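Build out the structure end to end from the sequences listed, making use of the hints.
From first to last, the protein sequence lines are chains A and B.
Residue 1 is where the first sequence starts when you use my numbering, and the numbers rise one by one after that.
Residue 440 is where the second sequence starts when you use my numbering, and the numbers rise one by one after that.
Among the hints, erroneous ones may be present.
[As the list claims (entries may be wrong)] Taking lysine-lysine pairs in the BS3-like style, the calculated list, with each CA pair at most 30 Å apart, reads: (1) B:Lys514 with B:Lys442; (2) B:Lys577 with A:Lys282; (3) B:Lys544 with A:Lys282; (4) A:Lys2 with B:Lys544; (5) A:Lys12 with B:Lys577; (6) B:Lys514 with B:Lys589; (7) B:Lys571 with A:Lys2; (8) A:Lys12 with B:Lys549; (9) A:Lys12 with B:Lys442; (10) B:Lys589 with A:Lys2; (11) B:Lys571 with B:Lys550; (12) B:Lys568 with A:Lys2; (13) A:Lys2 with B:Lys562; (14) B:Lys562 with A:Lys267.
I should point out that these hints are in silico values taken from the structure, not numbers from a laboratory.
Source: prediction; values computed, not measured.
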Amino acid sequence: MKVLSIIIKDLKIVLSDKQAIIITMLMPLILMTILSMALKGSFMDSDDGGIEKIPVALVKQYDEGVDSKIFIKTLEKRLNIDISRDEVNPEKMFFEDFLGNEEVSRLIDFRIEEEGRARDLLNEGQISAIIILPEKYLYDMKINLLTPFRNKVDFKVLTHPDRPVAGEIVTSLMEAYANTMSSLIIGKNVLIESASANDLGGDSFDHIDEIMEGMTDLVAGIKVNIDNVAVEGRRTIKSTEYYAVAMMTMFILYAAGQGGRMLLEEKDNQTYQRMVIADISKSHILTGKFFAIFLIASIQIVIMLAYSHFALKVNWGNIKSLLVLSTASAFSVAGLGIFIGSLTYRAENYRLANAFESVIIQVMAFLGGSFFPLDFMPEIIRKISFISLNGVGLKAYLKIISGYGFSDILNYVSILAIAGILFTLAGIIIFNREVSKNA
Amino acid sequence: MLKVENLYKNFGNIAAVAGISFEVKRGEVFGLLGPNGAGKSTTISIISTLLPPSRGQIFFEGESIFENSRNLRQKLGIVPQDIALYPTLTGYENLRFWGNLYGLKGAELKKRINEVAEIIGLKERLKDKVEKYSGGMKRRLNIGAALLHKPDLLIMDEPTVGIDPQSRSHILETVLKLNAQGMTIIYTTHYMEEAEELCSRICIMDEGKIIASGTKQELVELVKERTRINIKLDNISDNMPQVFKEITGVLDAAILDDTVTLFGENGDILLAEIISKVLEEKSKIQSIDIHKPDLEAVFLHLTGKALRD
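Below you can see the structure in the form of structure tokens.
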């Protein structure tokens, strides 16, 4: 009953503080809305919850007619071969077999543009990337595919700096295409060399176009596996979802900051002393503070979940996992609040609590991926991100949203629970020592 | 009811309380009178179990409060010198919180809040946030929070510091009413008039020690021949007390702000010479008050300094 009174009183105090409400409740809602809209292009968002196709412009720097003529002349002149059939068509291989294949067409929505226009579209953000097929592309590819010679072909991929994921996908696709083509060409060369070695001579060239046609089926079968976009059976994270989680896991840390002030404020207000005289034990006071912080963080989570669900259409996934993870997150924040509160009480000033809010939370937010997705961060930051509570929470919430099961987030829940326990124990020890010292 | 025996409290090398003993009887208003820094608040902190003593004992209803603090805490109401309330909560929410901590709930708590609000005269303002209260109203609510559980012993530590005369008068009336209802009160103050008006027995403290104790009459007996003359001057110099002490019949003189307090054996006769000295010093008299022997005179007599120095 007495602990409950302390909890209710602390909640009323926090909820009557307009500035605190703005920082802890309103600010994250505003930020998650702004960031998710502003950085939408960095994610693979689509309205139907699947992957939105990446708009790409294709620029042909080559001239089909010129390339074909040169190729035929070259063959006649250098190899004395007459190849007039066009079954081996690099353009068809690229546009129909590659870009038209089921997996690639699910990711990319392409259109052919002039180079200048394509660059304008990229600058305006209307497309996410440009693929430039170089001069003499058809000629070089035919040489590569139909003769023993190898000409260098350089594709160019230009990407939009604000859309790193889209850029990475297009680059990966082109790399996959280039690798497949290289394999094809090497295979063809091995075939020709083997034919020559077995004294099959010019006969081997007679059917090379048929052989190559069969081999180009490989291109149509290119499998694209892009880890950070989608894993089989899981949903892709949209920008609204990412920043709803990112802001929530960051801003609940402010509850710990608020809690960090509570003990010293009670002492400064003389209400702590008054409570002691009213026969309220230290453990009652600390328990009251712990649950007050826990409830403040829980209220924040509920508000942010509700707002993001109804206003931003975030699908938070499995309710049971969400409930357990949210409880663990609020628990760890409460423990952290008690720890900071005890240190602040010992220091007899608010410098630590202020530094926590103005510096430490920002650092934790950065390390934990609340500002920018960790996939865009250097390896070292990704490795140390686990030290931030928000980072752990963020990864777990994203897993729930992606469709992972309860067992997949248990590790994260355990980390948060253990962190909460350790912080609480450390806080209790510091507070008890301080009170005993003053007694 | 409460017995303090040979109590000491040191903070490093500083002796805040230096071997004091006194007894508070059930049903009385017991005064601890002394200037700021005399050790009154430290004594109160020890009695209310917030601070352990360096040495000494305190018994409440015959039992050491250091061995069993629970009995005292349940029957003790404390009005701290500072406002120990939550400014962003309403008066009602504050009273309800403190009532809850003393185990009151439901209809009983509501009834008691109403009674206390009546006593402290804040019934109409309980819905307002405390931060919107005047200094006097905060002080009254500070008292109210200590009354909810009907304590047997109420400790009031300088409850009228820094408030308007109206609130002060209300608080003094409240103290007398509570005492009339049977509540035992320990009242600390550096206002001599308050101690005189409220307290049946008084301990005068200075520099951690009790320098005199007894009823007001017993204390005044120490200086019964002394008349106190307060002279408010326009232009006052530090050597003024010394100048007045040169007058035959002036026993003591001290300066406080723009007022010189003199003690003499016969105030009426001294008056002419005092005026003459003021004129010699080229000062200007704003007012002169002549008082019968009082606690101020006792304090000056015992310590050589004015009570509110």
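Against the structure, the hints:
1. For the proposed pair B:Lys514 and B:Lys442, the alpha carbon gap of about 15 Å is at most 30 Å, so the pair holds.
2. Taken as a hint, the B:Lys577 and A:Lys282 pair is honoured in the structure, with Cα atoms around 27 Å apart against an allowance of 30 Å.
3. At most 30 Å may separate the alpha-carbon atoms for a hinted pair to count; B:Lys544 and A:Lys282 meet this at roughly 22 Å.
4. Annotation: proposed proximity of A:Lys2 to B:Lys544 holds, straight-line Cα distance about 11 Å (limit 30 Å).
5. At roughly 19 Å between alpha-carbon atoms, A:Lys12 and B:Lys577 fall within 30 Å of each other, so this suggested pair holds.
6. Taken as a hint, the B:Lys514 and B:Lys589 pair is honoured in the structure, with Cα atoms around 8 Å apart against an allowance of 30 Å.
7. Our distance criterion of 30 Å between C-alpha atoms is met by B:Lys571 and A:Lys2, whose separation comes to about 27 Å.
8. Restraint check: the Cα-Cα separation between A:Lys12 and B:Lys549 comes to about 19 Å, which is no more than 30 Å; the hinted pair holds.
9. Between A:Lys12 and B:Lys442, the direct Cα distance comes to roughly 41 Å. Violation of the 30 Å bound is thereby established for this hinted pair.
10. The straight-line distance between the Cα atoms of B:Lys589 and A:Lys2 is roughly 18 Å, inside the 30 Å bound, and the hint therefore holds.
11. Distance hint between B:Lys571 and B:Lys550 is fulfilled; the C-alpha atoms sit about 24 Å from each other, no more than 30 Å.
12. Proximity of B:Lys568 to A:Lys2 is assessed by CA-CA distance (about 22 Å); at most 30 Å being required, the pair is judged to hold.
13. At most 30 Å may separate the alpha-carbon atoms for a hinted pair to count; A:Lys2 and B:Lys562 meet this at roughly 25 Å.
14. At roughly 28 Å between alpha-carbon atoms, B:Lys562 and A:Lys267 fall within 30 Å of each other, so this suggested pair holds.
Hint 9 from the earlier list is the only one contradicted by this structure; the remaining hints agree with it.
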